[in-house]
Amino acid sequence: MSLDLSPRPGAAPFPRMVAAQAAMEARLMLRNGEQLLLAVVIPVIVLVGGVTGADQLGLDLAHRPVDVFTPGVLALAVMSTAFTSLAIATGFERRYGVIKRLGSSPLPRSGLLAGKVGGLLVIELFQVVVVSVVGLLLGWDPANGVVGAFLALVVGTFAFAALGLLVAGVLRAEATLAAANLIYLLLLAGGAVVLPSSSYGAFGEVTRWLPSGALGDAMRHSCLDGGVGWRDLLVLAVWGAVGTVLTARTFRWE
Amino acid sequence: MRYGAKVAVDGLSLTVERCTITAVLGPNGAGKTTTLETAEGYRRPHAGSVRVLGLDPVADRHALLPRIGVMLQGGGAWSGVRADEMLRHVARLHAHPLDLEALSARLGLGECGRTPYRRLSGGQQQRLGLAMAIVGRPEVAFVDEPTAGMDPAARRTTWELLEELRDAGVTVVLTTHYMDEAERLADRIHIIDHGRLIASGTPLELTRGGHATTIRLVVTKPFPSDAPESLRRALGIGVEVTLLDELSIVVTGPADASSLAVVSRWCEENDVLPESLTLGQRTLEDVFLELTGRDLAS
Chain A
1 MSLDLSPRPG
11 AAPFPRMVAA
21 QAAMEARLML
31 RNGEQLLLAV
41 VIPVIVLVGG
51 VTGADQLGLD
61 LAHRPVDVFT
71 PGVLALAVMS
81 TAFTSLAIAT
91 GFERRYGVIK
101 RLGSSPLPRS
111 GLLAGKVGGL
121 LVIELFQVVV
131 VSVVGLLLGW
141 DPANGVVGAF
151 LALVVGTFAF
161 AALGLLVAGV
171 LRAEATLAAA
181 NLIYLLLLAG
191 GAVVLPSSSY
201 GAFGEVTRWL
211 PSGALGDAMR
221 HSCLDGGVGW
231 RDLLVLAVWG
241 AVGTVLTART
251 FRWE
Chain B
1001 MRYGAKVAVD
1011 GLSLTVERCT
1021 ITAVLGPNGA
1031 GKTTTLETAE
1041 GYRRPHAGSV
1051 RVLGLDPVAD
1061 RHALLPRIGV
1071 MLQGGGAWSG
1081 VRADEMLRHV
1091 ARLHAHPLDL
1101 EALSARLGLG
1111 ECGRTPYRRL
1121 SGGQQQRLGL
1131 AMAIVGRPEV
1141 AFVDEPTAGM
1151 DPAARRTTWE
1161 LLEELRDAGV
1171 TVVLTTHYMD
1181 EAERLADRIH
1191 IIDHGRLIAS
1201 GTPLELTRGG
1211 HATTIRLVVT
1221 KPFPSDAPES
1231 LRRALGIGVE
1241 VTLLDELSIV
1251 VTGPADASSL
1261 AVVSRWCEEN
1271 DVLPESLTLG
1281 QRTLEDVFLE
1291 LTGRDLAS
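Protein chains in written order, with our numbering: chain A, 1 to 254; chain B, 1001 to 1298.
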């Protein structure tokens, strides 16, 4: 086959570039075993373990355990992808010069970010399906809060992605890996993501203002009572805005 | 162009003509990559200006980037991405990419298409990097050390491809620290050292038509301190004598068999025992040596 090397430059249309980037990001994330563990395996274990062990845990919940845990685990899934997976992937992209390389391609930075968000949403859709199916099998009976849950997912993704990029843009790849996992574990245990802020006693006053608590409470609000958790969404939006400003100021592309 | 207090590229001024291959030649740390990355828009010069295709690489980034192709010195791909997948991804960002199969076959990437990037050999990674730089059919291709780590066959393939690109109307700017690469490929060579341009010209101009000759004298014990001066007197006008290190001297200028005789007689008179005495054509290596008093490899 002959190769016509004569110049014929041009960028692909913006939506096509973003779609290509999103597909690539999602594919690479799903191919990576650790990422998949974080995205699906841990949330499902938490869900099944929480629901089946709720009695032994002696939790004083206002609703059936499965109705409390399933939205909480949905929030956890969003957090693990938008924060931890994104931070780790981006940290290594900086290390391997991927971001630098794409920086000289026709894909603008806004397209790179849009592609990343698109990739996250693809993974999250997959997570939502898996977690919901497991929840339904365990007897989950959600209220009709699709709008609220969708908003929680979108604004939660915005907040955690901004924070994930903040970590990845400042620290070295290994430090990002460690920090992103550590923060994830701390928020999982004490951040009111899986369990409601109300079950943390006085500390619940703090967790309400954390992005993890806000996302968990927003998700629970819409799945338990229907409706939209505006207050929690506002907290998430503020975290997202602060994270975006800090990321824009500190992110180093190499 | 500075990094902190260190000036990496200083007062460098050069122009590249379209549809040529231009080599930026210099030792490691000379400022080659910095020069290239300034043209690619990665770095904003602290002083002076850069124009590529008439555009400012930083301010006019979005207009410029689709028109240039960039090969970085290393990396640039996800560690788990397959070679063909990576190339396809970059192709999708362009409006009229090259035929991927033909390009992969041309660069010998066919057999490693399914291999994850981290398992590719250094040479394969280089070839993939080159493929990513040209897949979008750019007007200008910036390639940073394109053949570093390649085996001789891959080097030759790469050279041929770069020549074909030029013949097809692409402007190629490459950095290298290989003399033979610059001499064989480039229409124009810019030699830089310590961030400064020290010579520019076609390979023939730089080596003065290849007519001028050099004599290299390597001895077994250190030269006396006045050796360069006394040897120059012995040889007469029109030659330059450079002390390379305490055991070797290079003579450049019009030299012939009788000059060799003069040098050997000078050795006898000064009680110097030559280990080797060679006569050769002037190469880029010699040019660099004359200009800097150092070997390019050092």
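Note that these hints are calculated values from the structure, not bench results. Beta carbons are placed, not taken as given, at the ideal position from N, Cα and C, and that holds for glycine. Take the hints with a grain of salt, since some may be wrong.
What the hints assert, rightly or not - Negatives, chain A to chain B, calculated, CB over 12 angstroms:
#1 M24
#2 L28
#3 E93
#4 L102
#5 A143
#6 F150
#7 L224
#8 W253
To be verified - Counterexamples of contact, computed for chain B against chain A with all Cβ distances above 10 angstroms:
#9 G1054
#10 R1092
#11 G1238
#12 D1271
To be verified - Quick partial rundown of chain A residues pointing at chain B, CB under 7 angstroms, derived from the structure:
#13 L5
#14 S6
#15 A11
#16 P15
#17 G49
#18 V98
#19 S105
#20 R109
Now for the hints, and whether the structure bears them out:
Some Cβ of chain B comes within 12 angstroms of the Cβ of M24/A; the nearest lies about 5 angstroms off, and the non-interface call is violated. For L28/A, the shortest C-beta to C-beta distance to chain B comes to about 6 angstroms, within the 12 angstroms cut-off, and the non-interface label is violated. For E93/A, the requirement that its beta carbon stay farther than 12 angstroms from each beta carbon of chain B is not met, with the minimum near 7 angstroms. Remark: the non-interface label on L102/A conflicts with the geometry, its nearest Cβ contact in chain B lying 8 angstroms away (cut-off 12 angstroms).
Once the 12 angstroms rule is applied to beta carbons, A143/A is consistent with being away from chain B; the minimum gap is 41 angstroms. The claim that F150/A is not at the interface with chain B holds, since no C-beta of that chain comes within 12 angstroms of its own (minimum 29 angstroms). The non-interface label for L224/A is consistent with chain B: the shortest C-beta to C-beta separation is roughly 40 angstroms, beyond 12 angstroms. A Cβ of chain B approaches the Cβ of W253/A within 12 angstroms, the least distance being about 8 angstroms, so the stated non-interface status is violated.
In this structure G1054/B is separated from chain A by more than 10 angstroms, as the shortest Cβ-Cβ distance comes to about 14 angstroms. The Cβ of R1092/B sits about 4 angstroms from the closest Cβ of chain A, inside the 10 angstroms cut-off, so the non-interface label is violated. At roughly 46 angstroms from the closest C-beta of chain A, the C-beta of G1238/B stays outside 10 angstroms, upholding its exclusion from the interface. Even its closest Cβ contact with chain A, about 57 angstroms, leaves D1271/B beyond 10 angstroms, as expected for a residue assigned away from the interface.
The interface hint given for L5/A holds, since its Cβ lies 4 angstroms from the closest Cβ of chain B, which is under the 7 angstroms cut-off. The interface hint given for S6/A holds, since its Cβ lies 4 angstroms from the closest Cβ of chain B, which is under the 7 angstroms cut-off. Look at A11/A: its Cβ gets to within about 4 angstroms of chain B, closer than 7 angstroms, so that hint holds up. Taken as an interface hint, P15/A does not check out: its beta carbon lies about 12 angstroms from the nearest beta carbon of chain B, beyond 7 angstroms.
Of the supplied interface hints, the one on G49/A is violated, with its beta-carbon coming no nearer than about 30 angstroms to a beta-carbon of chain B, more than 7 angstroms. The criterion of a C-beta within 7 angstroms of any C-beta in chain B is met by V98/A, whose closest approach is roughly 6 angstroms, and the hint holds. Because the beta carbon of S105/A sits about 5 angstroms from the nearest beta carbon in chain B, less than 7 angstroms, this interface hint is met. At a threshold of 7 angstroms, the smallest CB-CB gap from R109/A to chain B is about 9 angstroms, leaving the interface hint violated.
The structure fails to meet hints 1, 2, 3, 4, 8, 10, 16, 17, 20 from the earlier list, while all remaining hints are met.
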